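Colleague: In the order they appear, the protein sequences are chains B and Z. Read left to right, the first sequence gives residues 1 to 190 (the UniProt record's numbering). Read left to right, the second sequence gives residues 1 to 190 (the UniProt record's numbering).
Some hints could be false.
Identical copies carry no separate label here, and so any pair may be met within one copy or between two of them.
Unchecked claim - No more than 25 angstroms apart at the CA atoms, straight line, and that leaves these computed lysine-lysine pairs for BS3-like:
#1 Lys19 with Lys39
#2 Lys186 with Lys59
#3 Lys81 with Lys39
#4 Lys72 with Lys10
Simulated from the structure, these hints should not be mistaken for laboratory data. Source: prediction; values computed, not measured.
There are 2 protein chains.
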Amino acid sequence: MMNFEDFEEKTISRNEIFKGHIIEVVVDDVQLPDGGTGKRELVFHPGAVAVIPITEDNKMIMVKQYRKPLEKVTLEIPAGKIDPGEQNNPKETAERELEEETGYRANKFSFVNSMYVSPGFANELLHIYFAEQLEKVPNPRPLDDDEVIELYTLTLAEAKAEIASGLICDAKTIFAVQYWELQQLKEDKR
Amino acid sequence: MMNFEDFEEKTISRNEIFKGHIIEVVVDDVQLPDGGTGKRELVFHPGAVAVIPITEDNKMIMVKQYRKPLEKVTLEIPAGKIDPGEQNNPKETAERELEEETGYRANKFSFVNSMYVSPGFANELLHIYFAEQLEKVPNPRPLDDDEVIELYTLTLAEAKAEIASGLICDAKTIFAVQYWELQQLKEDKR
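Chain B on its own, in the form it takes in the complex:
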């Protein structure tokens, strides 16, 4: 078994390319473990949260929205990036996003997993929560200015059909539908 030193790519120098509102881009010259050198193009991202909201009649709430990088409309679970100052409490961000995007708050809010979405070039860490026992918030916090969304509720069969149709096409939502299916199968087995 190899040790950390056998893998580590030490930074020789860093070239800062771009510092935007959301992402930062750098190119590192690195020392490879075998003594050679290489270049690594890296995107730094503040992290994000996503919520799997399940209604009392066992449907998943999803959000239709435009995704500029894809130039298409997608159906996804509610999600958003972590704002400065929220770094230490992703659950709070997740509760805020759920309220802003759906108008619901959850009386049962459980942590599912944290996952790096694309570890080859980005450090974005996504925290996923499962939200149940939903209730409408009387005066929910408003959406961000530049967000245009439409809400849908889907049964498991409908969600799987929208994965097949391609309207659901992002990793976190496909993961969420699979997670939900797995929970239901496990409950059936009890």
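Chain B is fixed; fit chain Z onto it per the hints.
Modeller: For chain Z alone, kept in the frame of chain B given last:
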């Protein structure tokens, strides 16, 4: 129900920031559906493939490697980005990556899903395959020059334990383990 035009964010102008070997970065000024304007920081990526390889004794093959964006060692399913010229045949890329990283070829190679890994800022599309009936390739194609990896085979229980430990920490591998668990549960029910 709203139409495509109710969501679309038209590009007013594009500022090209960086064209690297792997990613391209641009900032678009966009026209929002409500008439306002906004900025979108976008990363273009050639796409990637990942393989869920299951051995004859029902273990998943994973790769230990250093991930520079995270500055840590991770355990992941075999994966790699799509090279120029392979855009139309991700399955070929997946078979190549499996052979390069593990030395195996699969007699049963099934498509699982294609998913955008981070649709808020990146257009990276990841194609996932399930590989069974593995056999050792006598003289497998070599790794890329800058790749240092170590192979592991894990049972489902071991894989779930490494998710809990944090060594398995990326979205595609957590998805893969969950997918594998779901397949096994479905088979048990038959």
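Colleague: Each hint should be assessed against the structure and marked as holding or not.
Modeller: Quick rundown of the hints versus the structure:
Taking the closest pair of Cα atoms, Lys19 and Lys39 come within 25 angstroms of each other both inside a single copy (19 angstroms) and across two copies (14 angstroms). Taking identical chains as interchangeable, the C-alpha atoms of Lys186 and Lys59 lie at most 25 angstroms apart whether they share a chain (17 angstroms) or sit on different chains (22 angstroms). Only between protomers do Lys81 and Lys39 lie at most 25 angstroms apart by alpha-carbon distance; the minimum there is 16 angstroms, versus 28 angstroms within a single protomer. Proximity of Lys72 to Lys10 under the C-alpha cut-off of 25 angstroms is restricted to the inter-copy arrangement: shortest distance 11 angstroms between copies versus 39 angstroms within a copy.
In summary, this structure violates none of the numbered hints.
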